[in-house]
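J.: What follows is each chain in one-letter form.
Number of protein chains: 2
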Amino acid sequence: MANKNWILMVTAQTPTNIAVIKYWGKRDETLILPINDSISVTLDPEHLCTTTTVAVSPSFESDKMWLNGKEISLAGGRYQSCLREIRSRANDVEDEEKGISIKKQDWDKLHVHIASFNNFPTAAGLASSAAGFACLVYSLAKLMNVKEEQGKLSAIARQGSGSACRSLFGGFVKWIMGNEANGSDSMAVQLASETHWDDLVIIIAVVSSRQKETSSTSGMRESVDTSPLLHYRSKEVVPKRILQMEEAIKTRDFPSFAKLTCTDSNQFHAVCLDTSPPIFYMNDTSHRQVLLLSCFSVLLITTL
Amino acid sequence: MANKNWILMVTAQTPTNIAVIKYWGKRDETLILPINDSISVTLDPEHLCTTTTVAVSPSFESDKMWLNGKEISLAGGRYQSCLREIRSRANDVEDEEKGISIKKQDWDKLHVHIASFNNFPTAAGLASSAAGFACLVYSLAKLMNVKEEQGKLSAIARQGSGSACRSLFGGFVKWIMGNEANGSDSMAVQLASETHWDDLVIIIAVVSSRQKETSSTSGMRESVDTSPLLHYRSKEVVPKRILQMEEAIKTRDFPSFAKLTCTDSNQFHAVCLDTSPPIFYMNDTSHRQVLLLSCFSVLLITTL
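Protein chains in written order, with my numbering: chain A, 1 to 304; chain B, 1 to 304.
Simulated from the structure, these hints should not be mistaken for laboratory data. Just so we're clear, the structure is a prediction, and the values are computed from it rather than from any experiment. Hints are all accurate, no fakes.
When chains are identical, the list treats them as one kind, so a pair holds in a single copy or across two.
No farther apart than 30 Å at their CA atoms in a straight line, the calculated lysine-lysine pairs in the DSS-like style are these: (1) 26 with 259; (2) 235 with 259; (3) 26 with 240; (4) 147 with 4; (5) 259 with 212.
The shape of chain A in the complex, shown without the other chains (with noise of 0.2 Å):
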């Protein structure tokens, strides 16, 4: 470590997820636990995803950070967790072949670069958190050679960004809410692999490519603080469209999939417009898109 002049790296590339039973609200703004289960596909990493090189080196002298060729700052609370619960798990690191060797006690000491790139608008509704906070996990993760398992890792993701959890894993994954205090069982699980429903296409219409007016971290909290109908669709709606979500996807029944899909995303948006003051996601155009998918569905359900 005298040599102040080598720099490892690390680059991995995540997709985003859409969910399909809605994440929208949370029983620990620190910790990032939700009030409810979710459901989400992971797209295909080919599409919209985000890509992250994460470096280090004994020549830099503090984290930091470039979102799509811009320095952001890293003092947030969600970038201090993540690189702080990585940190923690950080091992021996080996690299023969350019003479370099970390040890586990060494990393506290050392900074990261991270440049993060997303091939798709970011806060525009498309989950670029999700798979920035999984990038940013998943990379740091390799760089440190922390050991943990994928599971383990979404947790850790999931105090970047609650939704982060469900993009380390392909296919379907279901975020458990848990119910630990200290979130320790608030993980993504996978339901199904990439591989389990070839045929479903998901195709992503950009409406519009504007940040939203309200971060879903803000839209949230002021949901849970003044929407009555939210509490009741987390506790009495959400736990039985799991179930028959998971029930859909195992048998891949598309009318039911597609059925509870927009079902599901109307009613979070109905939850939005139940805030005070209200929150508005969708615009005309949208509005004109959601009648037509709901015009598919039912010919897909009478006609499958």
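Given the coordinates of chain A, work out where chain B should sit on it, guided by the hints.
T.: Then chain B, alone, in the frame of chain A:
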């Protein structure tokens, strides 16, 4: 009654009413019995109103009606209910000046002609059916010398259009959902007269005067059948809001009145969105208006 040339007419004017705690969902489609109480403000009859003239003559061969100058069918159950209920309560009518004498039992053989005009867009979300049926029932009751008190008349108007029962009173009106299976106790009561809160001004901003894509009748039927949130709203949310709104009206507490009105309107739209297929009664323009109003309420709450 031998001379067939006489004609007797009554003209009445009834304002529309705007619900501040919304009616959405019936427990009986035929009798029009709601799943929750609602509260409305009756507008000034100088502004949005229906003007209806009802005429009776032995020369009329059938009941007929014209709405905004265009003949419409009276065959529907709702018109038939109102006509039947009023006819069954008709009394002797004497017009000495014209030399007309109608006996109670004659009304079953006489036919009426009805001409109704709205001075505002019909079926565009401005409660035209409320004003229309209230005016129809009121003018028929006058013509046929019906002696029922206003509350009983409101229960008849309710069978034409639920919210019509509220337009038979001025000021602040509550439609009590009632418990009886025959609907006899589902009627309107006046909470406070039009003079109670003199400086309250209601501004109606017409975003679109096009007819709604989903009628209230079929919309609320679909919500009752498919929205899990509606049932929670009607059972758990509305009863509390009714009490809060009664208190806000009684004490002329504008911040509470405005806040409750906005949140309940938004929750009604939320339930529409939770319906399958979803119902959208708002567009981008009304979204902007709602957000502007939210800001105003907040301002008023903090400054008053």
